[in-house]
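Here is how the chains run, residue by residue.
There are 2 protein chains.
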Amino acid sequence: MPFHRHTLANDLQIIGETSPSARSAALGFFVRTGSRDETPEECGVTHFLEHMVFKGTPHRTALDVNRDFDKIGADYNAFTSEENTVFHAAVLPEYLPQAVDILADILRPSLRTEDFDMEKKVIIEEIGMYEDQPMWSAYDHAKRIYFAEHKLGNSILGTPASITALTRDQMAAYFTRRYVAPNITVVAAGRFDWPRFVELVESKCGNWEKGRVGREGVRETPGSQRFEVMIKEKVMQEHVFLIASGPSADSPLRHAADLLGMAVGDDSGSRLYWALVDPGLADSAECSFHEYEGAGAFYTSFSCEPDQAEEDLAVVRDVLHGVQRDGISEEELNQARSKVLSRVVRGSERPKGRMMAIGMSWTYQHEYRPVDEDWRAYEAVTLPAIRQVLERYPIDRVTTLALGPLKALTRPSDNGSR
Amino acid sequence: MPFHRHTLANDLQIIGETSPSARSAALGFFVRTGSRDETPEECGVTHFLEHMVFKGTPHRTALDVNRDFDKIGADYNAFTSEENTVFHAAVLPEYLPQAVDILADILRPSLRTEDFDMEKKVIIEEIGMYEDQPMWSAYDHAKRIYFAEHKLGNSILGTPASITALTRDQMAAYFTRRYVAPNITVVAAGRFDWPRFVELVESKCGNWEKGRVGREGVRETPGSQRFEVMIKEKVMQEHVFLIASGPSADSPLRHAADLLGMAVGDDSGSRLYWALVDPGLADSAECSFHEYEGAGAFYTSFSCEPDQAEEDLAVVRDVLHGVQRDGISEEELNQARSKVLSRVVRGSERPKGRMMAIGMSWTYQHEYRPVDEDWRAYEAVTLPAIRQVLERYPIDRVTTLALGPLKALTRPSDNGSR
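These protein sequences, in sequence, are chains A and B. If you're matching positions, the first sequence starts at 1 in my numbering and goes up one per residue. If you're matching positions, the second sequence starts at 1001 in my numbering and goes up one per residue.
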């Protein structure tokens, strides 16, 4: 599948992977900005801005945006993470020009004050909805406590207070600073004509401001290694997160870290599954590796009846100590590899999956990775590489957060191997 | 993409669509049996049996089943509907033989009494979980009231009472009656070798009992046209379903019915969306067409604040009356078509999507439908065809069920155009 790239005069980047066997096309606008790029006063602005992008432009009302996407039968959406805001649409090949037109237009939003004030209420309601989900809430607090003053600990949604305080002009200033051409990559995958696509994007985005962008605070962190219990009496189950550090998104160790996380805590057939879920000691127990720019982390979590939490925490710590001491077996590595390869390959069969994959690897590694290369990188992971990950990033050196009805939980005397 | 078919001596059917550009393979065992094939004493047995299939065979414990799927990195699952029980797995091409081996093995389950008794508790818990979801609960009750004595009204999950009363021997008798070779189609799609696949299936399933199977009570129904309010004080919102009849799964009108349902009530940009969701009168409002063997139905539903329900019901009835009287516009038809074609095409890009599509059209129409043929069927739908659907199946001749805190809701004096 041929890869193409082109940079406009304003430094906006365009990449694409054309696939003759595809029957649709997927399009994404990747803005390299997220909650880690916010000042404390701007807390939550990236996600709020993602919503405002759909509220209209000088050429389209919010209704028009909705109607125009609907007319072409687009499957469209957007998301905001710690470091990326991505707007995307999947369409039949003949509608790609319209999809480019709509997305390019809405990425220069009007940010009208009336819409801003109205959407503020929606955002505050959304924060409330997430707070009602104990697992998500535990994850968010654990991340904040783990990262401490590191900017990756910034809340993506913000708080009702930070959103209430935010002004339309603060958002406009953030937009002007972060949504500049060199900070945006336009990505297409599937069935489309590359030269025509470049022309289209150039005609719609060629006049976007150039500006200068960067990202502060890119560094590793061992995490705070704190141990906290948050009492939430209305929550039924106890939800516990243990976070340890891991390699970053440009580290050659990241594929090994991914397989290690899966062997330890995939939702079926992993160490944690057999230790907690299969015997019925916990409702769920998982571990997974997340990579960021400059940092990475292993998120281990479980949820259970409150009176079971003390025992379960001891079991999880035993599992993590055991892995840290003895590593994993060749069989566990191979099983994790089968699962990951199966997901990589199945994910690559749709233009949407490829669009996301090439957009992300361009954002993080500034390189194009065909599926086969990802495949080979996972194939090449050996037990010594797993050992290297563990030596550099002890998986049992954890920051712990429990959220639920429990008043207290015993802090273990040791905390990992360092 | 070449289609293949083969029937074994015991009348088990094998079909496959090989695709050279695919990177994985998807496999499904389609058992043509569901809740409509149960006697009143067997209520819930099909779904319960689907669970028991994963509990082990003479050659595998439940643990082995889980471990063997995990070893090959399979994405596997199963579901039970009113008329089908489908077991499926997506894998890398080299693991297809193992996937066939596992699925063929578990489709001859041991049905051990200890496992049966243990799983009974899981099923009863699952029924409780679904009852806690008011939208699902309203759907289930509405379907029961609409279909009345028609067997499509049978509950898929059963009730705690019916599951408690069920014996292991009743399940074994149901299995012997329904899981016979002529009632099963084995389906593969993606990258695989057809002759080798047939050999494999034959070696694993060639000795399965032949038996005789049928299905009783295959007929259309105009529905009971009743109007019921179920009081659930603990539910926050009011959830309302209106069901009207539609064409069946082998009717030439089904593509028109599908587009009509989408124009009336897709979750964005439809009549109901603009009438209720966009102005904030309801949290959700949808209409969709469901097809079954011998019957079909349009399910219209909305949820809202209880004190808004009376007005919203009037709005929904106005929308349905308006559609019945004047049909939809060319623009609405085209927009619905764009959405459906986009979904059809994107769904076809993965072997799993194709496996489901060809398995279902084989089950219902006893024919192979390449993607292009489905495409052409939707392309060919005209406004006169929409009119034909409405004349034969008035969309405003409804059975109504409201579930929520409301004590009463006014029954409209008229009920549709007939």
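These are computed hints drawn from the structure, not numbers from a lab. Glycine included, each C-beta is placed from N, C-alpha and C at the ideal position. Possibly wrong hints are sitting among the right ones.
[Claimed, not checked] Here are the computed lysine-lysine pairs in the DSS-like style, where the Cα-Cα straight-line distance is at most 30 Å:
| no. | chain 1 | residue 1 | chain 2 | residue 2 |
| --- | --- | --- | --- | --- |
| 1 | B | K1234 | A | K407 |
| 2 | B | K1234 | A | K232 |
| 3 | A | K234 | B | K1210 |
| 4 | B | K1204 | A | K234 |
[To be verified] Listing some non-contacts, in silico: residues in chain B with all C-beta distances to chain A over 12 Å:
| no. | residue |
| --- | --- |
| 5 | L1008 |
| 6 | S1021 |
| 7 | D1075 |
| 8 | S1110 |
| 9 | A1161 |
| 10 | V1340 |
Okay, the hints, checked on the actual structure:
{"no.": "1", "hint": "K1234/B / K407/A", "result": "29 Å, holds"}
{"no.": "2", "hint": "K1234/B / K232/A", "result": "22 Å, holds"}
{"no.": "3", "hint": "K234/A / K1210/B", "result": "56 Å, violated"}
{"no.": "4", "hint": "K1204/B / K234/A", "result": "52 Å, violated"}
{"no.": "5", "hint": "L1008", "result": "29 Å, holds"}
{"no.": "6", "hint": "S1021", "result": "3 Å, violated"}
{"no.": "7", "hint": "D1075", "result": "7 Å, violated"}
{"no.": "8", "hint": "S1110", "result": "19 Å, holds"}
{"no.": "9", "hint": "A1161", "result": "26 Å, holds"}
{"no.": "10", "hint": "V1340", "result": "7 Å, violated"}
The structure does not agree with the numbered hints 3, 4, 6, 7, 10 stated previously, though it agrees with the rest.
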